[in-house]
Amino acid sequence: MPGAIYAEGLVKTFGDVRALDGVDLDVPEGTVLGLLGPNGAGKTTTVRCLTTLLRPDSGRAVVAGIDVLKQPDAVRRSIGLSGQFAAVDEYLTGRENLQMVGRLYQMKAKAAKERAAELLEQFHLADAADRPTKTYSGGMRRRLDLAAALVVSPPVMFMDEPTTGLDPRNRQQLWEVIKQLVSGGTTLLLTTQYLEEADHLAHDIAVVDHGKVIAKGTSDQLKARTGGERVEVVVHEREHIPAAAEVLAGFGKGDTTVEEHMRKLTAPVTGGAKLLAEVIRELDTRGIEIDDIGLRRPTLDDVFLSLTGHVAEAKNEENDEEAVK
Amino acid sequence: MSAVTDTVRVAPATNPVSQSIRDSMVVAQRNLIRMSRIPEMIIYGLIQPIMFVVLFTYVFGGSMQIGSSTSAVDYKNFLMAGIFAQTVTFATASSGAGIADDMHKGLIDRFRSLPMARGAVLTGRTLADSVQTALTLVVLAVVALLVGWRVGSDGDTNLGKVLGAFGLLLLLGYAFTWIGALIGMSVRTPEAATSSGLIWLFPVTFISNAFVDTSHMTPWLRHIAEWNPFSATVQACRVLFANPGQSPSDAWPMQHPVWASLIYSVLILVVFRTLAVRKYRSATA
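These protein sequence lines map, in sequence, to chains A and B. The first sequence: position 104 = 103 (numbering that gives the first Met the number 0), numbered continuously. The second sequence: position 151 = 150 (numbering that gives the first Met the number 0), numbered continuously.
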């Protein structure tokens, strides 16, 4: 049986641009998939196809057991969507916004009212509930937007870059909310440019580039794919670099890279902490003074770089994907 | 998958017509709340028609020939039906701009991802705009009375007929709002919606019987003016208000203005509502 979110060969073109070039996804019920990719990779387009906002040119999608192309209305009853831009009416108060969304989810007026009050409390917006959202801070608007996506406690949630543009404190808060949500059994598809965020929240990660899923797996699997651990040494004196390189060559399982200006040497190794102790002893024996030494596992940034050939974050191109639409 | 769907609090789809009405009302309520929070929009919406009443009455009054009369009083009574009709149609430009604005905000994605009736976003908007138009008409009627407009100045009328005339005006305004809605969805920016929403209204309202007696026009222009849907409502209002200026004409809409006004308005409403909702749906897909 396919997962709570399932996509097969999604293709979507805008003019000459092939935004989606055969996206396949399978998200088991109750898990979080992090959709990772640079701007313009097709993350938002994928979300828009799965949430009935866009009709793919070809391919198949099933959300909460319902065919997205054949029964879009039934899908809309089973999903919550929180987008890149807080989708709230700025002249309405927080409470009015949530009540309106509840009613449009076909709730009775009374039920919508109660649910709105509940959510405002839960998202720490009760004090600002009766102020127009125009007066809200960015973080408050995002929280309200998320609350709006949760009005009916949908079994499947989509969040498109939920924390883009938030300060670290607000981001942390939002992460807590998302974790609570998932522990309650919600299936979540989350797109993000922040590798840390995917590492933090997602069970599985799919890396998207040029409209295709180019890698998927758990964060650990992806990191293992990129390569194992490395020893990183920063020597105190620049003239010690060749000697240190010699030491690392003795332990390393590959070429040592040297960053002269930072006096930093990096060598791939196997053997973990035990090996690190040996390296330190050897350096000490040779009288090489070090400023820093550590065992480094690849980060998702490294994964990303090795898979796509470019780094994940490129803030100045924020709206590329928008422009394509 | 049953465990998943059980948690959904959403009622299964009800009768589509009642759902459509209900959803439209929810959206209309949203737009009315917005209006109440931006009262300057309503106030600016009032200034223009009031200026038209005052300017036309005092500048043109006395130099315009209505039937065989050039009296300023006759022109005033002739003019008001035209100004009322012009006001309800000009309101559609701001309506279109509002829709264009909505379409470019994140909120529209929220609406589209909700299990709501497809046409409700537009219907709710146009209904709320009609409430504003009705308010404008009330204020305008008071101003018109203040400058000396009187119903029954050229025959007999009654309250029912006067209210009927206002009903026809609102219907015309509502029908034209859907043209504005279609324009609002066809342009890229709200600014473009405002200007393109206004441009076509000038020939429609001026090549008509609203401000001048069509019997003084060149025959071909007169022909267009008398078959203009807008003229039918103006003529119907003059008949129902018993105001002067209903020149005898061979054109069917001028002979049966109430029926013509109803038929035109319903026709415009049906055609443009269909096109606008279709446009909204295709923007969705």
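Misleading hints may appear alongside valid ones.
[To be verified] Facing chain A, according to a computed beta carbon distance under 8 Å, are these residues of chain B, among others:
id, residue
1, Ile37
2, Leu113
3, Pro114
I should point out that these hints are in silico values taken from the structure, not numbers from a laboratory. Note that beta-carbon positions come from the ideal geometry of N, C-alpha and C, so glycine has one too.
Results for each hint:
For Ile37(B), the suggested interface contact is upheld, since its CB lies about 7 Å from the closest CB of chain A, less than 8 Å. For Leu113(B), the interface hint holds, the least distance from its beta-carbon to any beta-carbon of chain A being 5 Å, beneath 8 Å. A hinted interface residue such as Pro114(B) counts as satisfied when its beta carbon comes closer than 8 Å to some beta carbon of chain A; here the least separation is about 4 Å, so the hint holds.
Violation of the numbered hints given earlier is absent; every hint is satisfied by the structure.
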